[in-house]
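J.: Listed here are the chains, written in short residue letters.
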Amino acid sequence: MNPLDMLLTLSALLFTLGLIAVLTRRNAILVLIGIELMLNAANLNFIAFWRYGPPDTAGPMFVVFSIAIAAAEAAVGLAIILMAFRHTRSTDLDKLNSLHG
Amino acid sequence: MIPVLILSATILAAAAGAVWLARPVHAALLLALTLALNAVLYLVLGAHFVGLVQFMVYVGAVAVLIVFSLMITRTTDEVAEVAGRRGRFLLGLICALPVMAVLSAMRMGAGPVSIGPSPSGPSLKETGQTLFTSHAPAVLAVAVLLTAVMIGAALLAREDKPEPGKPE
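Chains A and B are the protein sequences, given in the same order.
Under our numbering, think of the first position of the first sequence as 1, with each following residue one higher.
Under our numbering, think of the first position of the second sequence as 1001, with each following residue one higher.
Just so you know, not all the hints are guaranteed correct.
Now the stretches of chain A that chain B is said to cover, found in silico as 3 or more residues with beta-carbon under 8 angstroms [to be verified]:
1) 12-25
2) 30-43
3) 46-57
4) 62-68
5) 76-89
Everything labelled a hint here was simulated from the structure, so no lab data went into it.
All values derive from a computational prediction rather than experimental measurement.
Think of the CB as a built atom: it goes at the ideal place given N, C-alpha and C, for glycine as much as any other residue.
My request is simple: use the sequences and hints to build the entire structure.
T.: Structure representation (structure tokens):
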């Protein structure tokens, strides 16, 4: 198995684990953890293709911006979760089933 | 090759723990471990700048943010997370496996790749120069985005205090 395949397999497995977390967790923050895992898997693909592909610097640059946007997403996501927590006193997604403020 | 193999196995184990463990704090700490190991993997692969950014932003900021949120939203209904967990996990696995299959099939369909010799990545200096010359507009755009996010997050998470002089 060549190294590129190995990294791509690792990335696919990480993505699947993140997806499982998103699908099965009830705590909203733990769902966010799954999303972070999936984002990381995508970043890993960029680095893998950059490392074992044609010489180019686009891969790491893309990952740097992707990390910045992921941080922004996490900040807004957690702020929304905190807001919802203040309304319902819970982060259980099964209880957040109404858009009523 | 061998270090990458060992790192990959550890990353997978930590990620599996982050997905499986019932206690939210344990999951968050294992997520931090996964992200840190990912940063090490980037460093091993030669992407030094990305590795350092990953350490600072993901491990230093996002993981800590998640742990703090868990502390703030701490409730006693951890039992809900545990009830019927095995069945839910199995269902999630069944739903996620097709995605895994598609991801692997895409790789298989691409055929063999020729692995170019790229022994080491660009130095930190070169990366920085590229970032702030040819990618300068994107850096500015990200700066605007992060400012907007900071303001937005502060507004969203702000406590709604009753106005002074106004009854509740």
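J.: Indicate, hint by hint, whether the structure satisfies it.
T.: Hints versus structure:
Evaluation of the coverage hint for the stretch 12-25 of chain A: fulfilled, as 13 residues show C-beta separations to chain B shorter than 8 angstroms, against a requirement of three. Remark: the stretch 30-43 of chain A is confirmed as covered by chain B, as 8 of its residues place a Cβ nearer than 8 angstroms to a Cβ of that chain, reaching the required three. For a cut-off of 8 angstroms, the count of residues in the stretch 46-57 of chain A with a CB near a CB of chain B stands at 9, and the three-residue condition holds. Check result for the stretch 62-68 of chain A against chain B: holds, 5 residues qualifying (beta carbon to beta carbon below 8 angstroms, three or more required).
With 10 residues having a beta carbon nearer than 8 angstroms to a beta carbon of chain B, the stretch 76-89 of chain A meets the requirement of three or more and the stated coverage holds.
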